[in-house]
Amino acid sequence: MTVTIVNLKVNGVDQAFMARPGTTLLLALREQLGLTGAKRGCAQGACGSCTVLLDGAPVVSCLVPATTVDGADIATVEGLADGQQLSDVQQAFLDGFATQCGFCTPGMLMSAEALLARNPDPTADEVNEAISGNVCRCTGYAPIVSAILDAAERRRNRVEATH
Amino acid sequence: MAKINPIDPDYFKDERAAPGFKVIGTTVPRSDALGHVTGRTEFFEDRTFPNLAHLKIHRSPHHHALIDSVDTSHAEQTPGVLRVLTYKDVPANWYGVLRLIGIGPDDEPVLAEDRVIYKGEPIVAVVADSEAAALEGASRVRVSYTELPAVLDVEEAMSPDAPIIKRAGTNYFVYEGHHSRRIRFGDVEAGFARADHVFDWRYSSAPIEHAPTETTGCIVVPQSNGRLLIHSNTQAAFFTLDNTALIINRAPTDLQVKGGTVGGGFGGKVDVMVEPLACIAATLTNRPVKFVYTREEEMQVSSPRAAERIYIKDGVLSDGRIVARKIMLYVDAGAYARHSPYGATKAAAHLPGPYTIPNVHADCHCVYTNRTPSSAMRGFGVTIADFAIESQMDRIARALDLDPLEFRLRNAYRDGDLKAHRKVASGTALIEVIQRAAELVGHELPEEYRAMSSTTPRGAQA
Amino acid sequence: MTLLRGRGYASVNYPTGMNLGGDPSQAIIHATTMGGFVVTLSSVDLGQGLKTVVAQCAAETLGIPMENVIIDTADTDTGPHCMGTFASRGTHRVGNAVIMAAREAREVMLQVAADELEVDAGDLETDGTGFVRLKGSPATKIHISDIALAAHFKQGKSISGRGIFLKERSYPVPETGEMDPDSCQAHACTVAEVEVDDETGIVTVLRMYNTYEIGRALNPAMVAQQVEGGAWMGVSHAIFESTEPYYPASRAHGPIDFCEYLMPGPAEIPVQTSVILERPASNGPFGAKGIGEMTANAPIPAIANAIFDACGVRLTTMPFTPESVLRGLDALRAA
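Chains A, B and C supply the protein sequences, listed in that same order.
Note that the first sequence ends on residue 163 in the UniProt record's numbering; no numbers are left out.
Note that the second sequence ends on residue 462 in the UniProt record's numbering; no numbers are left out.
Note that the third sequence ends on residue 335 in the UniProt record's numbering; no numbers are left out.
Hints listed in this document are in silico derivations from the structure and should not be mistaken for laboratory results.
Honestly, I wouldn't trust all of these hints.
[Unchecked claim] Simulated restraints, written as ranges between beta carbons of each label pair:
1) A:Glu129 <-> B:His74: 43 to 51 Å
2) B:Glu113 <-> C:Glu260: 27 to 35 Å
3) B:Asn286 <-> C:Glu107: 46 to 54 Å
4) A:Asp70 <-> C:Glu260: 29 to 37 Å
[To be verified] In the EDC-like style, the derived pairs of lysine to aspartate or glutamate whose C-alpha atoms are separated by at most 20 Å in a straight line are:
5) B:Lys423 <-> C:Glu168
6) B:Lys166 <-> B:Glu156
7) B:Lys88 <-> B:Asp68
8) C:Lys135 <-> C:Asp120
9) B:Lys22 <-> C:Glu107
10) B:Lys22 <-> C:Glu67
Note that beta-carbon positions come from the ideal geometry of N, C-alpha and C, so glycine has one too.
Using the sequences and the accompanying hints, generate a full structural model.
Put into structure tokens, the structure is as follows:
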């Protein structure tokens with residue numbers, strides 16, 4: 001079986017792993033790099049629990065062949081916080097009681113981070129669209145949408161404060 | 001910031017007086033939230049083990065069939081396959097999860113023996129080095145069948161000429177000699193005779209999936225002292241341990257369950273479906289074994305919320321008092337009992353809903369059909385019954401031109417009322433939630449209805 | 001095309017716990033050397049927040065800060081028995097067990113403190129910030145870390161407690177169904193407002209007004225999580241969900257993924273307005289009742305009744321799909 005060595009950046013750190021044919025980015029992250037934040041909820045690309053950022057864009061990592069990410073820049077939930085300092089989205093989820101079982105949370109956070117990176121002032125509809133591929137079975141979504149809008153406001157306030 | 005719903009202090013003022021709580025009643029942060037937002041919360045599948053083996057299942061494609069032969073030779077020769085398990089490898093293959101509380105019979109095989117009675121029933125388990133090899137091995141199992149007629153309707157299953165699909169001899173769970181869990185309270189026929197109006201309608205539902213974002217699964221790790229450590233997302237650690245020990249015929253002290261952090265349950269993770277086979281596989285291979293449902297298995301093979309069919313016949317006086325309610329309720333348990341006999345009893349205890357009705361007759365059937373076994377799910381026995389009861393209430397109110405809330409308030413149960421299962425009601429508050437909801441939406445209630453109270457005995461208030 | 005609006009009502013009760021064979025849960029609490037209190041359980045948190053709410057029960061009863069409470073749960077080697085997380089039993093059963101264990105541990109803690117302060121234990125109180133102090137003389141006090149150290153290394157006492165809550169078994173009488181299966185009842189009333197598209201049959205749930213009577217709100221933000229998340233599931237059950245779309249006639253067309261198994265996404269959720277009432281249960285932990293399951297129930301009939309109010313179609317089979325709405329409208333026109 002041909003094994004490919006994949007070099008990439010994960011959360012800003014150079015990493016490498018050996019990819020067998022058929023291995024997905026999700027399994028490489030979880031089983032080879034020890035980054036278990038991204039979850040396997042369906043392995044069909046339909047629940048969003050495995051969402052990570054691939055060169056800044058949200059992808060369902062369970063559908064990304066591991067061999068295709070050589071040279072890529074991957075961001076996962078483990079890289080969001082700066083030491084103890086949570087990102088605005090993380091803090092807003094925490095403060096807003098936007099988590100229950102927590103299984104969808106890492107994927108939700110990554111979809112939200114991607115949205116705010118490209119659109120710092122989203123409407124509720126834009127938030128709804130951004131997380132439309134992320135299934136949550138516990139919360140009813142409303143606290144998640146509120147938390148993302150809250151995070152956007154926090155980020156804008158921070159940017160204003162530094163200008 | 002977190003949304004908090006207002007607590008109305010004007011209701012049950014005396015009873016709810018709080019004696020100087022410091023922590024209770026305050027919004028303290030969730031202790032698990034930091035782990036959730038940083039991705040550090042450890043779910044069962046977040047543990048990795050060297051040499052981990054994977055277990056996958058070959059399942060029945062038929063609703064009902066005799067198994068003529070099973071050929072596992074191709075599966076065994078599949079590269080990466082370590083072991084193939086059939087029912088012969090399961091020490092106590094027939095089980096029922098409720099035997100722990102004395103409910104029998106043991107009606108379900110862990111792996112099918114001479115027949116399958118639902119599509120998706122497990123027949124052979126394949127253990128392999130990788131998930132892919134286990135799936136490949138499972139696909140290479142060859143089973144030949146003789147198909148039998150399937151029973152897919154609860155009332156057809158109950159009819160005398162239906163093929164019997166259960167080895168116990170009836171297509172329904174037997175409740176101490178009865179074909180249903182029954183409620184007999186007052187004289188329902190006398191109630192109908194006295195009624196000014198009689199309404200008789202039917203309600204039904206289709207099966208519903210729990211759809212937790214994390215599928216059911218476990219990893220079983222053989223320990224150096226010979227014990228088995230089970231990392232599981234079960235909703236009930238000891239329930240899983242005890243049932244697993246009985247199935248694999250090991251001392252309960254040989255097993256240890258670790259869990260407690262679950263990606264959603266909703267009742268779908270109390271059936272003990274994955275742990276016994278993973279334990280057997282771990283023992284036979286002496287390797288850690290993971291058995292986790294695919295999303296497809298979770299949706300079509302794991303127990304759903306039971307479909308139900310409910311007939312409600314009500315006798316009502318012209319002033320809106322319900323004087324008789326007769327209910328025929330059918331829970332579609334699917335092929336095996338699991339928790340459904342319990343669910344039908346829960347339904348019986350719930351009837352006739354939160355209303356005080358002097359004459360109640362209910363037959364709650366737990367019926368077997370050739371479909372995926374149903375089991376516990378959030379509110380089972382109650383959720384679908386509430387759909388039926390509250391639809392019925394709306395229809396009667398409209399038929400008699402009564403205000404829908406006044407009609408409910410008139411019949412609402414109160415402290416001191418004797419419920420149909422002969423338990424005296426206490427701590428009731430149906431009247432108050434209706435009154436407060438009416439206020440919330442500006443639905444005006446006459447003074448007579450605003451003055452009602454759950455704590456005022458029925459006789460003292462008209 | 002016309003968008004038809006309607007309002008529907010439903011009111012329900014829901015039992016806390018469901019027992020036939022005896023329904024227990026246990027808790028064990030012990031103090032660590034520096035005054036941490038470990039609550040050991042085998043109970044499972046499904047995401048509803050059990051770990052948090054039982055920590056609150058422990059902190060309140062012990063009279064110590066939340067930070068001093070450690071929840072250690074769901075290891076069958078260390079945690080005492082719990083029946084499991086289902087039947088809206090977790091907060092009620094485990095909360096009660098934790099309170100009982102905490103009372104026993106508190107008694108030892110106060111006795112150790114009394115011996116250190118050379119006062120009578122009956123004259124002591126906790127202040128909730130970590131001190132045990134003399135009633136009426138708050139300057140006479142000792143911190144729980146000093147109490148724990150004294151217990152361990154000086155007095156040789158184990159600050160610990162055992163708790164169990166058992167709902168005793170109740171077998172139904174076969175002939176009549178007489179039984180005592182539950183511990184208390186919570187209540188809910190839902191008013192749903194829907195819009196029905198008479199061309200597509202699509203039902204949109206616009207708003208839900210809910211009142212819930214839950215005994216005692218132990219953690220108000222987590223109450224909001226449970227009631228609103230549960231009401232969402234009710235909406236989902238009502239208008240979307242089934243593993244067998246053509247039940248019972250056909251077993252075919254069963255969904256196998258989240259593209260086929262439909263649930264309301266964030267753009268399809270109603271605005272929820274909820275009000276909480278408290279009628280504490282005499283047997284509940286601080287009066288709390290179990291509400292985890294109930295919250296999904298009232299929305300379903302409320303939506304069915306609202307659909308009828310909107311368009312005159314009485315749907316008696318769940319879920320209320322566009323197809324069933326359109327067939328109902330056709331039948332009305334034909335009549």
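Hints and how they fare:
no., hint, in the structure
1, A:Glu129 <-> B:His74: 43 to 51 Å, "holds (48 Å)"
2, B:Glu113 <-> C:Glu260: 27 to 35 Å, "holds (33 Å)"
3, B:Asn286 <-> C:Glu107: 46 to 54 Å, "holds (49 Å)"
4, A:Asp70 <-> C:Glu260: 29 to 37 Å, "holds (34 Å)"
5, B:Lys423 <-> C:Glu168, "holds (15 Å)"
6, B:Lys166 <-> B:Glu156, "holds (14 Å)"
7, B:Lys88 <-> B:Asp68, "holds (16 Å)"
8, C:Lys135 <-> C:Asp120, "holds (11 Å)"
9, B:Lys22 <-> C:Glu107, "holds (19 Å)"
10, B:Lys22 <-> C:Glu67, "holds (13 Å)"
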